[in-house]
Structures are given as structure tokens and as C-alpha cells.
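Asks: Each chain, letter by letter, is given below.
Number of protein chains: 4
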Amino acid sequence: MKALVIHAAHDLRLEERAVEPLKPREIAVRIGAGGICGSDLHYFHNGGFGAVRLKEPMILGHEIAGTVASVGAEVASVQPGDRVAVSPSRPCGACRYCLAGQQNHCLNMRFYGSAMPFPHIQGAFREVLVCDAVQAHKVSGEVSLGEAAFCEPLAVCLHAARRAGPLLGKRVLVTGCGPIGALCVLSAHAAGAAEIVATDIADATLAVVQKLGIAKTLNTAADPDALKPWEADKGSFDVLFEASGNMRALTGALAALRPGAVIVQVGTGGDFTLPISVLVAKELELRGTFRFHEEFATAVQMISSRHIDVRPLLSATLPMDRAVEAFQLASDRSKAMKVQIAFG
Amino acid sequence: MKALVIHAAHDLRLEERAVEPLKPREIAVRIGAGGICGSDLHYFHNGGFGAVRLKEPMILGHEIAGTVASVGAEVASVQPGDRVAVSPSRPCGACRYCLAGQQNHCLNMRFYGSAMPFPHIQGAFREVLVCDAVQAHKVSGEVSLGEAAFCEPLAVCLHAARRAGPLLGKRVLVTGCGPIGALCVLSAHAAGAAEIVATDIADATLAVVQKLGIAKTLNTAADPDALKPWEADKGSFDVLFEASGNMRALTGALAALRPGAVIVQVGTGGDFTLPISVLVAKELELRGTFRFHEEFATAVQMISSRHIDVRPLLSATLPMDRAVEAFQLASDRSKAMKVQIAFG
Amino acid sequence: MKALVIHAAHDLRLEERAVEPLKPREIAVRIGAGGICGSDLHYFHNGGFGAVRLKEPMILGHEIAGTVASVGAEVASVQPGDRVAVSPSRPCGACRYCLAGQQNHCLNMRFYGSAMPFPHIQGAFREVLVCDAVQAHKVSGEVSLGEAAFCEPLAVCLHAARRAGPLLGKRVLVTGCGPIGALCVLSAHAAGAAEIVATDIADATLAVVQKLGIAKTLNTAADPDALKPWEADKGSFDVLFEASGNMRALTGALAALRPGAVIVQVGTGGDFTLPISVLVAKELELRGTFRFHEEFATAVQMISSRHIDVRPLLSATLPMDRAVEAFQLASDRSKAMKVQIAFG
Amino acid sequence: MKALVIHAAHDLRLEERAVEPLKPREIAVRIGAGGICGSDLHYFHNGGFGAVRLKEPMILGHEIAGTVASVGAEVASVQPGDRVAVSPSRPCGACRYCLAGQQNHCLNMRFYGSAMPFPHIQGAFREVLVCDAVQAHKVSGEVSLGEAAFCEPLAVCLHAARRAGPLLGKRVLVTGCGPIGALCVLSAHAAGAAEIVATDIADATLAVVQKLGIAKTLNTAADPDALKPWEADKGSFDVLFEASGNMRALTGALAALRPGAVIVQVGTGGDFTLPISVLVAKELELRGTFRFHEEFATAVQMISSRHIDVRPLLSATLPMDRAVEAFQLASDRSKAMKVQIAFG
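Protein chains in written order, with our numbering: chain V, 1246 to 1589; chain B, 1246 to 1589; chain Y, 1246 to 1589; chain R, 1246 to 1589.
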């Protein structure tokens, strides 16, 4: 079995690995599609991010879908031939956070393709993945495995949407229109937002979101005053999804938020310097959002029914042996939104 | 100007009325379409409902849309020729509930076509309606006045959806598939429900909801055990919209609700006898919902953009001079979902 | 070891039982005080309640505190000599509700002294109780074991208070002033209610609550119009804790609740007939509340610090060999609020 | 009538002013006590704060209580001789925020003693204040006017406590123990917090809070690791009230907050630089809080009943003609918590 292994910055290799033996509640999945995520790109370009650093070779990848190849003796939920999206999230189910329904804060989380713990948690960009049967969710026959591989990033954004509170009838701003920002636009629409405005500093990215037909798009690099119309009477937007991880996107949007508005910080980065008196005087709420739990199943339902149609976000799919090229394409915002790798 | 006036049960007349003079902040609207609501039918068949009784002739109607004919001196928000949905809700803006953002509980509400206060509040089934400019909301050029006249009942259901809390990814049951139940199905879908099941005791009604393509429909008269599959492990549904006003619809659904589920009681009726020990042991929440306020504007946005498409719910439109026939048709659930009257 | 065993209605016996052997994570607690609860009284008088019926002899009791006698090999949280309140709630920690933080709805709950499952779950009215170390919570040196035995019913009421949402500054009505109603008064006060009114139909009960000095008390049997002053302008109370389990207490309070008020139904009973149109028109929320989970630890903190002082609620303590007398006294609302049994 | 007028930094004068004539819904209040607030000190020391600058002489003061001297023709709520706390908050009652129940964000707010608008809103440090009758709330006979003058800052903290969500049973951290921090401690206790820890960098301030007997106090200047015990397993506190306005107080507390914790930012200041990745990964919520509305009435109830006893926070009361001395004392954290001025 072949797997995509990162050894150090810019050192991504296709290597042979053994397939693990199957335990009674496990299944083997022949991976069909794997989406390249921002954290994969950080490992590829920088060997990590912040305090998280590669200390040993690690298989990348956590946005995956495939076909069940075989199942363990006690597995009844899926059978060989089923097409599944696989959740990369594996909480322990026993710590205080798991027992409080906050599995995304599990004290013993083993999330695929993460160098946060050591030994690192090996990822899922590989031909055959052995995983717990509960991680695998059947998708409908209508959707492709490429669409199914969007379940993970969509789950992140559905969780972010939940963190925002009810969105029905709300006026929503999304700053940053990469794959996560675009999926936030789709999630906010699916949750009933009545008006959505999306900003970015790259026209190519905005064009993809514009085509969705559900959001007004603005280039805030080209027009720094683009949000002015929403600033009257202390501001208009009920909710901001900050998906750029860029401090200026956040501070530049504050005047357009109405008193009491909720900011869901999806993008992450270094230090943000914020005018605290504005946050206080307008009673804004800045909420972090991190990964997901039950939203993975929701993402599977939403994608299976095309209640959320992710197809416009897929820029290109490259075969496994052109993985380096795929990573370079995924890094170029002028050419690509989401890039996936085809395995097997 | 002609208006539809109810004098007593089964005594509905088309009568000549004077057009009121226009105040500076008022507008005159040439009504195009008016939807017949359940309360209109109660006045028509029974002369009222519960303690609410006709004590003088009253113009019926509160689901209306039309074209602006003229505007008062201080009106800037609309102009002659604009196509508008008109909100029948007129809170005072000064009582303790209005100042708490609970305008639907206004102590001095004047809601069109209501015999609750005396003198009664005259309704809007008339050729020309003079109203406050703030009641009128422009609709997009794409939608018909018939669609626009759905804004009022849709606002009721969007308010009900808000009363339910966040619906994104939730499993929703709707009992009762009349116009309000059907609009609850559409609202729950628009708010991101992942699975919707709708029940009724009439196949004709269920067939209309089935055609929406977003809900599984069940006839609980034909199959009293239809909800059994959702009853395992203490129940499945996160939210129930009870839109039938029938006690047995509510009690029959309790076993299918998961612990902590929310019941939004939209339909109203007489006394309901409930097994309080079930409500206690499962920590269910039974929430009343009543009319709407800011949701009218949301309904206008949702219908204007066809984010919610109400067209499949319109059964028939009859001219003003066939109003009695329209009321009879609207009363026949085997033939009609929503019936509207065309004015002018 | 002696234990209080109910064989059938009015057949309560003090019997000899063996002490279970200690597992590594278990402890043995020498029970000091046990409070008689309403459900204990139901078994004593009627052999059960509703569908719950005694099918075999069962040790009663679940409101308990004592002194640690010995600890298993792996126990570090307590040591012999520690004075502890013991939670009777034992969720499985593995079902879907436990993993959603809803342990009180555990599919495999083993709650002390309950005839709901068969074999019945034996209770804790006994000289020595062997339990999991995690069930035992140390209490401060200041409080008596009698006070500590209030942790369980206080936990029920703290959970009910949480179900009500924030109470700070709220106007609260409590109907029913038995032990649970009285603890709801204390809990609402501890949560910051600005005004509390408590009603009952028995003067003796009301007198105990009156002495707490934090609530106005009203006898609604003596004066059926006692709540009239709170009925103006659609009602005054933000929250109702219905702790009587009596339908008329609930329906009689509806007019005094403001629109949007929350009713927390703590008491349970048979069928309740409710005017659903009032619940709808006022958008009331009727919420069941059932047992507790993390609130047991909170109750221990509140009682240990006397932030909540339960001493005024303890009517009498009788020795184990006068248990039948204790049960009879506890059944007489004119003489007793909470009655406890002293063991050992 | 004499009034305390600030002309420029360090230029505070006692000046003669005319008493305004009384309108039908107004009353004249003979001010008894006025508390010096942080914003008063900013005007006194710096002539303003941030962008808010004195542009004309302004009477200071907004924490006030007194005795009704006379009432307008249409006033029924109070009568001469009544002792009242007076709310300095005067929202317009007609803007979009007032009609949404967000009066503290009123577009036309006229808050006493504020140089934010021009002409400035004159304050209430004066012998006789003419105000709307609705601003005046009767206090109980038990409490002094000095206690009553705490209603305003207590209202700020009760609003902050509401912004935190339910506090019953929660673990709360308060950073900054000036008057606002100390009132946050009292408010959190009144709302049912089970454990409260308060930090400051001044021992004198901590000593006052320590005497309240409801919080553990820590000097984080003396011991930078003081919060370490709460940092295990991703943190312990459910809620942080940041009342220092100092960025390091906030950043130094993040490790002690559990995932999903709420930070209520009460203190204000310049720019805060925050590690956004921590806020994201722990899903913290940073919520601004600003002034109050209905909480003023709650503060009156809480102080009138001594449910919240503010007396330990009053450091000194000086007569009007020693106002400059009072302002200097109020500026010295080693000597004073709250300083009040006695008028008339």
C-alpha cells in the first residue's frame, strides 16, 4: 500500500506502507479521494505551524472518502462495497470533555495527520485505511467520492455555524473566501441566513463564491471602504465568520457589525491586536470554533442530499503520483480553491 | 372600493366602502392577492372561535400583497408602482412588551381582521388598503403577488422556527400538513434541518408536502404505528412542530421525541390533556408560538429570493366576486391547501 | 448490617443483609442520615406509582450521607473517616446520552431504590453502603450529616433551576411548598431571583417557607384570588417552578405569568389538562425537569458553604428502628417538611 | 443650587447653577450621595479618555441617590419625601435598538456626565437634580442613600453577570478588584457561582474583597503562578469577568479557563493583543459588556433587600466642598475602594 508521507518542509514522498491487521470493530477502506487542507499545506511548506512541528515522518491527510474493502467480525453498520466518508476525529469517549458532550476538546484526541502529539498521529492519504467502523458514514449513491471528501471541512463549518447560534433570517458577513470561508457561506445559507456578504482580497477566490449565487462578494483590497454601506447606525451584520485568520479582516469588519453581534473566529493565526473598547461598547462576542463532532454526520447528510452542493468548490483532482504538484496548485489562491488527490 | 365583510357565520358579503384619506406617513395599496387563513374560516363558519366572537360586521383578511397606488407626503421607503407585501401586525411601539422587543405581545396590538378587541380591527380583503408605510415591504420583480401574499403565514412559521432554537442538522417532526404545517416544513428545511418527517391524516394534504421533496410524509390515520421507527432508545426527533392543533397529534408523537426535545405548539385549540410524567421524565419543552414581528421582513426576503419557494402550496385563486366559493374550497382539505382571492 | 426493606404497601421491615465485598474503586460508607423522599412514600403507601410497581423486596432510600469506613485499593479521592454525601445516580458513562452530557437520561441508569427496572435497584437505607468512590463527595466539617443528606433533593432543584435559564433579577413563582418546593425557593434565591412568591394549600408548609425570609407565601386554598395582583398587563412572573404535581396549581398560575415565561415542571403526576390556546397566545414554555447530574457536586458545595442553608427544612430525625413512625410522620404535611432516619 | 463642574483636567469647581423648571412627568431630587466612578476620574485627571474629550464645562457624576423634593403634575410613582436611587441612563425609547430591547445601545442615549456627545450631557453631582420620574426608583427604609448610590455600578455588574449566561454552580474568576471587580464578585455570588477566585495586583484592594467572605483572593503581581492550580486538563474556570481593563490580566488567565469558557470584558482600555489560536482551539467566548438597562431596577431590589450588601465597599464619604480631596482619595487604590460625596 502506498501512502503520502511528509518528512520535512518540501519533502513529501510516496512510500510503501503495510496495511494494518483488522480488529473486530474495524474496517478497511480503499481511499478514493483526499482533499488537501490548510494544515497539510503548513506541513508541506513549513514543516508545521506555531508550536506544532514535525519530529518524525508522518502520513498527511484527513479529508477523505472511499469504498469499504473489508469489515471486522463485529461490524454491522457497513459492508464491503459501501461508499463512505471517514471522520478523522477519534475522541477517547471517557475523559471529562467527552462525557460532557465536548468531544472536540477530548484530552486524548487522536486526529489524523496531526503532529501535535508525539508520536504523531498518522494521517489518511493512503491507498488503504484501517479505521473504526464508527468513523465511516455511508454516502448516497448520487454523490462522488470527491464530494464525500468535503464532509470533513464542511463539518468544521457546520460546527462554526452552530457556534454562531440561530442564523435563520440573519445578516451574515464572511471574511476570507478560501475553502473554509466558502463552506461557511454555504453553511450560513443552509442555516437560513437572509443576507450573506463575503469578502476577500483575491478576485479569483471571490469569483468562485460569486458563482454560488447566494452571497454578495466584495474585494476589500481593491476597495477598502467596501463595507461602508453596512456601517450606518452602529452597524448591520448579526454574525461574522472570520475565515481568513488575518487580523485586519477582523478589525476592518468591526464597524459593520451591529451591537451584540457574534464573531465566530474560524481562521487561526498568531496574535491579534483588537480595539477592546469597541468590543466592549458594542457588546460584541468573539467566539473561537474548533473542529467538530456530531456535525460530521450532518455534513454527510447535507452532502448526500445535495442540500449543500460542494461541487463548485472543487478546482482540480490529481492522481497520487502527482501529489507534489497538487500541493503546489492548492497553494496558489489565484488558481485553486480546493484540490483533491485521487488514490488507488 | 369593494371589501369582503363578514356579518355572521356564513354571511360573507362584498360591500362598498370608502377609501380612507391618506396621512403623511401612510400609503394606499391596491390589493392584488389575499390568502384565506384558518382564522378567516373560523369567522366564516362559526362567527368566531373560543371567546372571540363577531359583535359587528368586520372586513376579513390579513395575508395580503398589492401595488402601491399613492404615498403620503413623508413617505420615502416606497413609491407608486412598487409591489409590496403588507404586514397586518401593528404594535403600538410604546408598551412594555414593545420596548422589550416582544412586539407580538403588544398590549395595544391592532392586527387586521381580528374580532378580539371591540370595536373589531377591520381587515384587508379590500380593493384599496390605506396603511402605514412601515407595514409595506417591497418584493422582488420575480415573484407574483400571490407568492407575496404568503409572507404573513410564512412569517408565522419563521417565528415558530426561531422559537425552536437552532435547527441546523436537527431531526424535525411536523404534525399537521395544512398551510401552516407545510410552511413549517419549508421553514425547518430553510433553517438547515437534516431530516424532516411530516404527518397528517389526509392523503391529499400529505401529497402536496411530499412534492416539496424535502420531507418524508406519513399518514398516521392509515398507520397509527407510523412513528414507531423513531421511538427506539427513548426517541429520535430533536424538534416537533405541532401544527394541527389536535391533541392526539401531540400525544401520539411524544414517544418519538428524544429526551430534551423541543415541541413548538403552532396550532391552537381547546384543552389538551397531556401525560405530564412523560414530559417530566424526558425533560421535554412545550413552547407556544404566536404570530411574528421581525420575521415578516425575513419572509419577504426568503420569498423574494425564492430561498423558500411557496408556489407548490397555492391551490387556487378566485376572483373577489366568487369569495364564498373560495372560502368553501379553502375549507375542503381534500381539494385545497392555500386558496387566495384576487382583488381589483 | 441492617437495611430498611419494603415488601409491599405498608410492609416496611428492618432486615439483616450482608455487606458486599469491596472492589478496587469502591468504598464502604457507614450511613449516618437518610432523608425520606416522596417516591419512598409512594412505595410505602401504595407499593409504587403509575406503572412502577414493586415486584420483589427492595431496600428503600436515596437521600444519604455518612462516614467512609474503608476504601478499595485504587481509591484516592476519599479516605476512612471522611464525611461524605453519596449520589444515588449511577449512569453507565457509555450510552449516547452519557456521551452527550445528558447522564440523567442514561439508557442504563441504576438509581438507588428504584423499582422501575427488574430486578429492582436496591436502595441506600442501610447501615453500610458499598458504592463507587466517584459517588461520594466530601462535605465540610461545619455541616451535619443530616444537612449533607439534603444534597440529593437539592441537586434535583438546582437542576430544575438550571432548566429555567438565568434567574438573576427574575420574578419567580413556586407552586407547592413541600421539601422540593422549599428547595426550589432556596435554589431560586441562590440563583439571584429578585422576587419570589410561593404558594401552597397548607398553612403549616407555608409557615416553614415563610421563615426562610426570602419569599412571600400565599395560601391559594384560603384565597383563590391570591395571585390576582400579578395578573395585570398579561402577567408578571418570569418563571414558575411547579412543585406540587397538581394540575390546578399549574392552570391557576397561568394568568400570572408574563408572555414568554418559563414553567419548570418539577412535580409529576397523572394527566394534566391544559388550555393550550393560553400557552400558545402567551408563548409560554413548559419544561420538564428530571433528576440531576453535575448538580450533585454543586449541591455539596452549596450546602458545605451554607450558601444554601437547608436546616430550617429538617422537621425531625428518628432512629432506624422507628422507621415506620418516620414514614408516617413524613406523610403528614401538617406536621413535617423533611423527615430523616438516623442509621448506625 | 451648587454643582460640581469639571472645566479641564484637574480643574474641578463647585459652582452655582439654576434649578431647571419641572415638567409634568418630572421630579426634583435633593441628591444625598454621589459615588465617584472611574470615568469621573478620567475627566478629572486627563480631561477625558480615548476619543472622548471635554469641549465645554460639564457637571460630573452618575452614581446618585437622594430624596424627592417635589413632583410634576402627572407623576404618581413617587412622592415628596421618598428616598430614591436615580438611573443616569436615558434611552430615547423610539430607535431600532430601544424597540429591540437593547436600550443600552440607544442611538440617542443621554447618559449623565458624558462628554461623548456635544453639547455634553450634564451630570448629577449637584444639590438638586430634575429628572424624569421613571428614572427614580424607591429604595427600602433600611438602606442608606450611600448604599443606594451603588445601584448604578451594581447595575453595570448585574448586566455583566447576565452577559455571562447562567452562573448557578459555576466556577468564576474575576480579574481586577476595584469597585467594579468587587461588585462583579458580589454579583457572581448572588447569581449562584459555586466558587469565586478574584485577582489583583494590589493587596489593599484584595483585602476588601477578601473580607466579603465569598471569594478566594490572589495577588498575581506577587505570585505570577497563582492561577497554576486551575490550569490542569485544559483549565477550570467556566467564566472570567475581566474588570481590570488590563490586557495582561486577560492573557494571563487564558490557561486557567476551560474549553468553551466565557470571558466577560467589563473593563475597557486601548488595544489588547490576544493569542487568537488559543481562543480558537479552546473555543473561548470573549463578550463585551456595556452599561445596563433593566438591571438598574434589579440593583435597587438587591440593595434594598441587602440580598447584595455593598457596605463593605464604601471607603469614605466626603462633603461636597471637599470634592477635590475626594477625587484624589478615590484615585489612590492603596487607600480607597469606593469614595462618595455627600451633597446638601
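Among the clues, some could well be false.
Pairs involving identical chains hold if they fit within one copy or between any two copies, as the list cannot separate such chains.
Said to hold, decoys possible - Once the Cα atoms are required to be at most 20 angstroms apart in a straight line, the calculated DMTMM-like pairs of lysine to aspartate or glutamate come out as:
#, residue 1, residue 2
1, 1247, 1265
2, 1247, 1476
3, 1527, 1516
4, 1527, 1539
5, 1268, 1566
6, 1383, 1440
7, 1461, 1387
8, 1461, 1476
9, 1383, 1539
10, 1473, 1377
11, 1461, 1440
No lab work stands behind these hints: they were computed from the structure.
Asks: Compare the structure with each hint and give your call.
Replies: Comparing the hints with the structure gives:
1. 1247 / 1265: Within one copy, since 13 angstroms is at most 20 angstroms while 56 angstroms is not.
2. 1247 / 1476: neither (53 angstroms within a copy, 42 angstroms between copies)
3. 1527 / 1516: between (22 angstroms within a copy, 15 angstroms between copies)
4. 1527 / 1539: For residue 1527 and residue 1539, only the inter-copy Cα distance (18 angstroms) is at most 20 angstroms; the intra-copy one is 33 angstroms.
5. 1268 / 1566: Intra 30 angstroms, inter 57 angstroms, cutoff 20 angstroms: neither.
6. 1383 / 1440: For residue 1383 and residue 1440, only the inter-copy Cα distance (16 angstroms) is at most 20 angstroms; the intra-copy one is 33 angstroms.
7. 1461 / 1387: This pair counts as between: shortest inter-copy Cα distance 18 angstroms, intra-copy 29 angstroms.
8. 1461 / 1476: Answer is within: at 16 angstroms inside a copy they meet the 20 angstroms cutoff, but 43 angstroms across does not.
9. 1383 / 1539: Close inside one copy (15 angstroms), not across copies (36 angstroms); limit 20 angstroms.
10. 1473 / 1377: neither (50 angstroms within a copy, 30 angstroms between copies)
11. 1461 / 1440: Within. Shortest intra-copy distance 8 angstroms satisfies the 20 angstroms Cα cut-off; inter-copy 29 angstroms does not.
Violation of the numbered hints given earlier is confined to hints 2, 5, 10; the remaining hints are satisfied by the structure.
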